[in-house]
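Those sequence lines, one after another, are chains A and B. When we follow numbering that gives the first Met the number 0, the leftmost residue of the first sequence carries the number 0, and every step to the right adds one. When we follow numbering that gives the first Met the number 0, the leftmost residue of the second sequence carries the number 0, and every step to the right adds one.
Think of the hints as simulated: they come from the structure by calculation, not from any bench. As the structure is a computational prediction, the values presented were derived from the model and not from experiment. Glycine included, each C-beta is placed from N, C-alpha and C at the ideal position. Treat the hints with caution; some may be incorrect.
[As the list claims (entries may be wrong)] Computed cross-link-like contacts, SDA-like style, restricted to lysine to any residue with a CA-CA straight-line distance of at most 25 angstroms: (1) 127(A) x 324(B); (2) 207(A) x 61(A); (3) 217(B) x 155(A).
[To be verified] So the derived label-pair ranges between C-beta atoms look like this: (4) 146(A) x 323(B): 49 to 57 angstroms; (5) 273(A) x 125(B): 55 to 63 angstroms; (6) 20(B) x 90(A): 53 to 61 angstroms; (7) 322(B) x 191(A): 26 to 34 angstroms.
[Claimed, not checked] Chain B is nowhere near these chain A residues, computed Cβ spacing over 12 angstroms in every case: (8) 73; (9) 92; (10) 139; (11) 265.
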Amino acid sequence: MSAFAYAGSLAAADDRNTQVTSDAGALLAPAFDAQKARTVLSLRGLTLSFGGIKAVSDIDLDVFPGEIRAIIGPNGAGKSSLINLISGLYRPQRGTIAIDGQVFSAVPASRAAKLGIARTYQNLALFKGLTVFENIVTGRSSTVRSTFIEQVLGVGRSPAEERDSRERADTVITALHLEAIRERPVGTLPYGLQKRVELARALVAQPKLLLLDEPMAGMTSAEKQDMAQFVLSARDDFNATIILIEHDIGVVMGISDRIAVLDYGRKIADGSPEDVRNDQRVIDAYLGVAHEDDAGAPAQ
Amino acid sequence: MTNAYDAQQSRGLLPAWGYLLGIGVVAYGIVPLLASDYVYDAILAPFLALSLAAVGLNLLTGYAGQVSLGSAAFMAVGAFAAYNFNLRIDGLPFILSVLFAGLTAAGFGVVFGLPSLRLKGFYLALSTLAAQFFVEWALTKFDWFSNYNSSGVIDAPPIVIFGVPFSGPSGRYYFALTVVLLLSAFAARLVNTQTGRNFIAVRDNETAARIIGVPVFKTKLLAAAVSSFIIGIAGILWAFAYLRTVEPHGFNLDRSFEILFIIIIGGLATLRGAFLGAALIVVLPLVLSRIGTLLLGGYFNSGVLDMSQRILIGALIIVFLIVEPDGLAALWIRARNRFFGALTSRRPAREVTA
């Protein structure tokens, strides 16, 4: 598919009305083609520049349901920018972002949660004045329909919503082993636990697409092992499709299904962990000179 | 800020209804036995009105993180709206005048809250100053608001609820107390709902809140509306139950700062702090005056009192901001935990390790 033709056909399109139903299919699957119908996320020709610097340059990327899709690359390669584009914090200059078949020229940030996107942040973005539990419950905000009057009086839609949110929050708390710190204000927690709370806050919304921006940065190796298990659990138990940015190549190779490698905003490789590990351009740009089996030691 | 944690802890010591019952018994039963007319009029009336205003401002500034220097303007809107609803609509029950006046203040709050969608911090604080100056100007400029009264100072009408007159110092106290307790209970509930958590989410990280699906604009405007509603009704208490006159100058910029100081000294994002801070602000000049007269005799006149009070409050704010940013409410909890810790050695152990 030509990225330019694709982008051009969408240039004037509204966010919502670009869903095209396939006549052939019995299901009302939104589809431009068979390939796209199956993607949770599909980027075409995505370009973002700050001033003269191209942070993201003409990126195509497909993410399929149930994948753990890693994005790696040296610092400044555009990984975080890509996640900020997908979650709507940045607007691309060119290209399109298709989420579950819905095509956007820019994702509206305030609708990200409703579209099934949840994310964590490279530098934590928790609500420091709230407890662990309250932070996680707030992750359900996009599902709240009751008015504040209903909530204050405890009538109407509010009690059922509140009960549902609390139950789901506790399910996630149990899954991520946060019971012991449930009532602690998050600001008082060590860094590794705050990262875990942030994952819980993202998971409680039951996202279709979970964007993890360096979830293991700054962690001890034991914490990294735990976090890797939780990432796998997010996929297996909470049915999230995951985009993972991470610098620890050992972890990335271990848990990812496919890996895309960025360098200077461009995608230089995309494939299985083995393919990527042996790709000469990746070795040159990121992994460093290939000693025997040294995948655990990324170039700084 | 540790307010949420503290709230959890306080739930551990006594159930919520226990606190309410205790406050009710003391406020309705014991206080009237001890209070003189002077205590009602000079201490309890301003204390209740300022506490309520501080509860309102704390929702906006403490919880939702929107700094406001216009509290007194919303008090003025409430007081003048109640006066005019009462005056101009024949047969309108007083309680409805109060309600409509609160809604009028809420409407003003939303209008002057609109800049908060774009502005933050100092810039937002400056835009709320516009509310302060505009309202003071409008109420002085257009005589209609004070019913063409030549002095601009109008007597507050009597307070009658469902045919029951709340007259005299104790009657006004019961009226103010009931209003303050009802609205404080409302605020206490609100901050523990998802809407209340959204206030804090928007304050602590607006971007993360937006991505999570918190309706950020709606949340900010709602905080402004609810806050102004409560502050507007506090203005009615200030004018009708304390001053017993309605005049623009009772609601000047000094009053706005006073309420801001109350929530800083009392503790941001705690409702208890609003009451502790208001108590300090009301009682401080009285205590200062006694001590000053005792030490300096005739030299301690009203001018000296006023200045020494300003100096002391300024110093207190600096001390609190540096030493205890969570205010009197945090001190209160620490003192209480120590007290209960001495009584029962088991409880605090659980709290420390919780």
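Status of the hints after comparison with the structure:
| no. | hint | in the structure |
| --- | --- | --- |
| 1 | 127(A) x 324(B) | holds, 15 angstroms |
| 2 | 207(A) x 61(A) | holds, 14 angstroms |
| 3 | 217(B) x 155(A) | holds, 20 angstroms |
| 4 | 146(A) x 323(B): 49 to 57 angstroms | violated, 36 angstroms |
| 5 | 273(A) x 125(B): 55 to 63 angstroms | holds, 60 angstroms |
| 6 | 20(B) x 90(A): 53 to 61 angstroms | holds, 55 angstroms |
| 7 | 322(B) x 191(A): 26 to 34 angstroms | holds, 31 angstroms |
| 8 | 73 | holds, 26 angstroms |
| 9 | 92 | holds, 21 angstroms |
| 10 | 139 | violated, 8 angstroms |
| 11 | 265 | holds, 26 angstroms |
Checked against the numbered hints above, the structure violates hints 4 and 10; every other hint is satisfied.
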